[in-house]
Amino acid sequence: MLRIVVGIKWVPNTTSVNIDPKTGTLIREGIPSVVNPHDLEAVEMALRLRDEYGGRVTAITMSPPSARAGLEHVLGMGVDDAVLVSDRAFAGADTLATSYVLAKVIERLGYDLIVFGQETIDSSTAHVGAQVASWLDIPYVYYVTHARLEGGRLIVRRSLENVRETYELELPALISVAMHTLHPRRVRLSHKLRAKLESPIETWTNRELGLEPDCIGLKGSPTALSKIEMIPKVPRKNEIFRGDPREAAKWLVDKLIEEGLLEV
Amino acid sequence: MKEVGYKFDVIVVGAGPAGSAAAYTLAKKGFKVLLVERGRVPGSKNVFGGRVYADPVGEVFDGLDGAPIHRWVTRERISLVSGGEMSSFEFRGSKRTSFTTYLTELAGWMARKVEEAGGVVLTEITVDGLVVEGGRVTGIRVGDERLTSDVVIDAEGINRLLLERAGLVPKLSVRHTGLGVKEVIKLQRDRLEDLFGLEGDEGMAWLMLGDVTDGLPGGAFLYTNRDSVSLGLVIALGDAVKEVGRHVSRYVEALRLHPLLRRYLRDGRIMEYSAHLVPEYTWPDLPHLLYTDGLLVAGDAAGLLLNLGYNFRGVDFAAYSGYLAARAVERAHEMGGMTSENLAIYRDLLEESFVLRQLRKFRRAPRMRENRRLYGAYPGLVNAIMDQLFNSPYETPKVMEALRRAREGRIGWLEMVRDLLEMVRSV
Amino acid sequence: MMKPMRVDDILNNNVWDVDYEPHIRVDSSKCRECDEKPCLLLCPAQCYTLAGEEVLFSYEGCVECGTCRLVCPNDAVTWNYPVSGRGIHFRFS
Ligand SMILES: Cc1cc2nc3c(=O)[nH]c(=O)nc-3n(C[C@H](O)[C@H](O)[C@H](O)COP(=O)(O)OP(=O)(O)OC[C@H]3O[C@@H](n4cnc5c(N)ncnc54)[C@H](O)[C@@H]3O)c2cc1C
Ligand SMILES: Cc1cc2nc3c(=O)[nH]c(=O)nc-3n(C[C@H](O)[C@H](O)[C@H](O)COP(=O)(O)OP(=O)(O)OC[C@H]3O[C@@H](n4cnc5c(N)ncnc54)[C@H](O)[C@@H]3O)c2cc1C
Ligand code: SF4
Ligand code: SF4
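Protein chains in written order, with the numbering used here: chain X, 1 to 264; chain D, 1 to 427; chain E, 1 to 93.
Don't take each hint at face value.
Simulated crosslink set (BS3-like; lysine-lysine; CA at most 25 Å straight-line) [to be verified]: (1) 32/D <-> 2/D; (2) 29/D <-> 196/X; (3) 196/X <-> 32/D; (4) 30/E <-> 171/D; (5) 30/E <-> 233/X; (6) 171/D <-> 3/E; (7) 7/D <-> 196/X; (8) 3/E <-> 237/X.
Here's a subset of chain E near chain X, in silico, CB distances under 10 Å, partners left out [stated by the list, open to error]: (9) 18; (10) 19; (11) 20; (12) 52; (13) 78; (14) 89; (15) 91.
Some chain X residues judged to face chain E by a derived CB distance under 8 Å, without partners named [unchecked claim]: (16) 18; (17) 31; (18) 32; (19) 33.
What the hints contain is simulated information worked out from the structure, not anything from laboratory work.
All residues carry an ideal CB built from backbone N, CA and C; glycine is no exception.
So here's chain X without its partners, still in its complex pose (with noise of 0.2 Å):
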C-alpha cells in the first residue's frame, strides 16, 4: 500500500493579473487564489499512482486558511484527506523555511512517495521539491512524465529537450511532475460530498509540530529580496494582415526585418 503525500500551494490566479495603465502596478484587487494549476498535474499523478497499486494519498498546503477551498478542489477530484498547515508563525517564508516546515510535516504523517508540481505560478522557483527532498535525505527526480511502480521500486520516466531519461528510485522518493503532461481530472460529486460531510481536513499548526522558532517563518528564512524590477509592457501595434497566406508570411518577414527583428 502506497503512503503517497501530494504539495499543493494556493496562489492568486496570475494568468488574469492586469496592470494599472496609469501606475504600471499589478492589480491585486479581487483576485481569486486557485490551486496552482502544476500541482493539479501532480495531483493527477498520484491519484493514478494510487488507482493503479492502491493506497493513499494525501494532500498538504503550507498556507493561510483560505486554502482549505483548495484542498476540497483536490479532495473532490480523489483526494483521501487533507493536511493544512497554517500559523502565524510560518508567515514570511522563503523556500527554505516552506520546505523545512513541509519536510516536518511529511515526515509526521509518514509517506512511501512524495510528489510535487513543477514550480509555481506566482514564484516560480522550482525550489521547493529539491529542498524538501534534502531535508529528508531521500532520491529526488525533477521533471517526471511518467510513473509506475514495478517490483517495489518506482520507475519514472522525464522528457528532456533530446533525450529520454528512465530511473529506477528506491522508495521512498520525492518526484516533480513535468507541467502540461497531465490532465488533472474533474471534480466528482460523491467526492466533493465526501470532502464537504467527512471533514477530511485536519488543520495542523505549530502547536502540534513544535518545530524550532529560529527555523520558521522570516526567521528561519536566509533569502534576502534585493530589489523588484517591473519590466515595461512593450506597447502593442495591433497591425493586422489580411489576405493570402504567402502575401502575408512576406509581409511578416519584411516587418520583422523592418524592426530590426530579423536579420538577412
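Go by the hints and put chains D and E with the ligands onto chain X.
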C-alpha cells in the same frame, strides 16, 4: 449511473438569489438541504445590473446584517437620449428602499446564510441533468453519478438547461430574451460622490432610453456602487439578431465614450466586463413551468422577473420565489409527499404574494417595450421640444407650439395618442 | 478610458480558470452554410471571429451568457457550462 451514498431531503440547483433563498428557508426548518453551485464560489457566475430592493430580500433572509450594501438609492434619474442631447427627469428622495451592490458579493452573502442555517453548499459542481423516473423528478445527475432527494428545486437561472434537457420546457427563444452587457468601472470614491452629487452612502440609479441602443428595444443603465459604477445596457435579442449593427461590446463602449457620460468616467478603470441573459417575456405572458412531481422551479428559470424597461426586479423576485418554493416543500411534506398535487400550493403562494400580483399588473409592459418609437421618435421629440423651449430667444414657442413643430416628420398625432394610452395601461 | 478599446483589452480585466477542453463546441461545417452569422456580433466576448471565410470559435474568453446557443439559427452550437468550477470567475458584477 452510480448512486451516491448520501441522501438529502431537498437538492437545490443554483446558488443565485432564488436557490439560496430556498435552501436557507428549508435548512432553517430542519430539512436536510444540499445547495449545488457550478461556480468556484457562490456568486462567481452571477451578473445583474446593479440595484436590489431591500425589504423582500431582508424578509427572506431574516434581515440584511452583513449584506454587501454599497449605496442606498436616493436618486432616480431617467434620461431620454438622442444624438448629443438628453432630457432627464430626476427624483431625489431620502427613503432607503433599494441599494446598489455586486450580485457576485450578494450571492456570496446569501450562500453563507445557507451554511449558517445548516445547509450544505457544494461548489464547483455543474449539474448535468435531472433524474426523471416514471414522470417524477427523483434527483440530479452529475457526470456518471446520481444523487437522490425527495424533491429538487431548480434555480439554475435563465438558461434552464436542465429543464430543457428533461423535456419539461421548450428551448428558450430569442424572442423572449434580452442580452445584458456591462462594464464595471472603478472610480475614486470621493470623486464619484462629487460627480454624482451623492453624500455618504447615497446612491444613484440612472436609466437611459433612446439611441443608446441604436433604436433597438432596450435601455441603458448606470448604477453607482461604493467606488465604481456599473454601466451597461440590455437589448431585446429577437430584434438584435436581425438588426444588430456592430459588436455588442461597442454599444457599452459608446456609452462610456458618450459626450454626455464621459466626463463621469474619465478617470475610471474597467474592473470587469460581463454579460448575461434576462427574460424579456415573463409570467403570465408566457406559461413557465413552476412545478411537477418532485420538482419546483424558482427565479429566472421560472421567468419570475419584473422587467419594466426602466426598472428590473429580478433579485428580490427570485429570492422571494425561492422562499415560497421552500414553503411549498414544507407544506407538501406535511401533506404527505412531493407530488405535483401537493406542490401545486407553490402556485397559490406565488399568486398571493407580490410576485405574481405584480407580474400580472404589469403584464402589458413587455409588449409596450416592443414599440420602437420609445427608442427613436420619442426621445428625439422630447429633446426637440426642450431645445425649442430654451434655445429660441427671439421666438420662444408656447409648449403646444413646440410640440407641434417637434412632432412634424417624426410621428403622427394619432399614433402618439395611441402610444400614450398604451403606455398608461401598461406601466 | 477616453479612447476606444479593443474587446480583448476590455476582456483582459476578467479572471478565468480556463479548462483544457472547450465547454462549447461549434460545428463549423454549418457555419459555412450560414448567411447571417449573428454570433459574430452578438457574442459579447467575441469568441466567434471570421478568418477569411471561416468562422473560428475560441472558448477561452467565454463569459458563459448563453447568447450563442440562442441566436444560432442552425443548431451549430453544442452548449454547456464548464465543469469543476472552471471558466469565468466574476468578482464585481
Ligand atoms: C525572501 C522571500 C520572502 C518571502 N516571503 C513570503 C511571505 O512573506 N509570504 C508568502 O506567502 N510567501 C513568501 N515568499 C514566497 C515563498 O517562500 C514561496 O512562495 C514558497 O517557498 C514556495 O516557493 P515557490 O512558490 O517558488 O515554489 P516552487 O519551489 O516553485 O514549488 C514547487 C512545488 O513545491 C510544492 N509547494 C510549494 N509551496 C508549497 C506550499 N506552501 N505548500 C505545499 N506545497 C508547496 C508544490 O507542489 C510546488 O509545485 C517569500 C520568498 C522569498 C524568497
Ligand atoms: C443585465 C441585467 C441587469 C439586471 N439588473 C437587475 C437589477 O438591477 N436588479 C434586479 O433585481 N435584477 C436585475 N436583473 C435580474 C437578475 O439578475 C436576475 O433576475 C436574478 O439574478 C435571478 O436570480 P436566480 O437565482 O433565478 O438566477 P441566477 O442569479 O442566474 O443564479 C443561477 C445560479 O445557478 C447556477 N447554475 C446554473 N446552472 C447550473 C448547473 N447546471 N449546475 C449547478 N449550478 C448551476 C449558476 O451558476 C448561478 O449561480 C438583471 C439581469 C441582467 C441580465
Ligand atoms: S450563427 Fe451558428 S451557424 Fe452561423 S456562423 Fe454562428 S455558430 Fe455558425
Ligand atoms: S456563451 Fe456567451 S460569451 Fe460564451 S461563446 Fe456563447 S455568446 Fe460568447
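Consistency of the hints with the structure:
1. Taking the CA atoms of residue 32/D and residue 2/D, the gap is about 21 Å. The hint holds against a cut of 25 Å.
2. At roughly 21 Å between alpha-carbon atoms, residue 29/D and residue 196/X fall within 25 Å of each other, so this suggested pair holds.
3. Straight-line distance between C-alpha atoms of residue 196/X and residue 32/D comes to about 14 Å, which keeps the hinted pair within the 25 Å bound.
4. Only pairs whose Cα atoms come within 25 Å are accepted, and residue 30/E paired with residue 171/D is accepted, the gap being roughly 20 Å.
5. Distance hint between residue 30/E and residue 233/X is unfulfilled; the C-alpha atoms sit about 40 Å from each other, more than 25 Å.
6. Note on residue 171/D and residue 3/E: the hinted pairing is violated, with a Cα-Cα distance of about 40 Å set against a maximum of 25 Å.
7. As the CA atoms of residue 7/D and residue 196/X are separated by approximately 14 Å, the hinted pair is consistent with the 25 Å bound.
8. Taking the CA atoms of residue 3/E and residue 237/X, the gap is about 15 Å. The hint holds against a cut of 25 Å.
9. The closest approach between the C-beta of residue 18/E and any C-beta of chain X is roughly 8 Å, which is under the 10 Å cut-off, so the hint is satisfied.
10. Proximity of residue 19/E to chain X holds as hinted, the smallest CB-CB distance being about 9 Å (cut-off 10 Å).
11. Taking 10 Å as the C-beta cut-off, the interface hint given for residue 20/E holds, the closest approach to chain X being about 5 Å.
12. Interface hint at residue 52/E: satisfied, since its Cβ lies 8 Å from the closest Cβ of chain X, which is below the 10 Å cut-off.
13. Taking 10 Å as the C-beta contact cut-off toward chain X, the hint placing residue 78/E at the interface is violated, the least distance being around 18 Å.
14. At its closest, the beta carbon of residue 89/E sits 5 Å from a beta carbon of chain X; the interface hint therefore holds under the 10 Å criterion.
15. Among the interface hints, the one on residue 91/E holds; its C-beta lies about 4 Å from the nearest C-beta in chain X, closer than the 10 Å criterion.
16. Interface restraint check for residue 18/X: the shortest CB-CB distance to chain E comes to about 6 Å, inside 8 Å, so the restraint holds.
17. Annotation: interface hint on residue 31/X holds; nearest CB of chain E at approximately 7 Å, less than 8 Å.
18. Among the interface hints, the one on residue 32/X holds; its C-beta lies about 5 Å from the nearest C-beta in chain E, closer than the 8 Å criterion.
19. Because the smallest distance between the Cβ of residue 33/X and any Cβ of chain E comes to about 10 Å, over 8 Å, the interface hint for this residue is violated.
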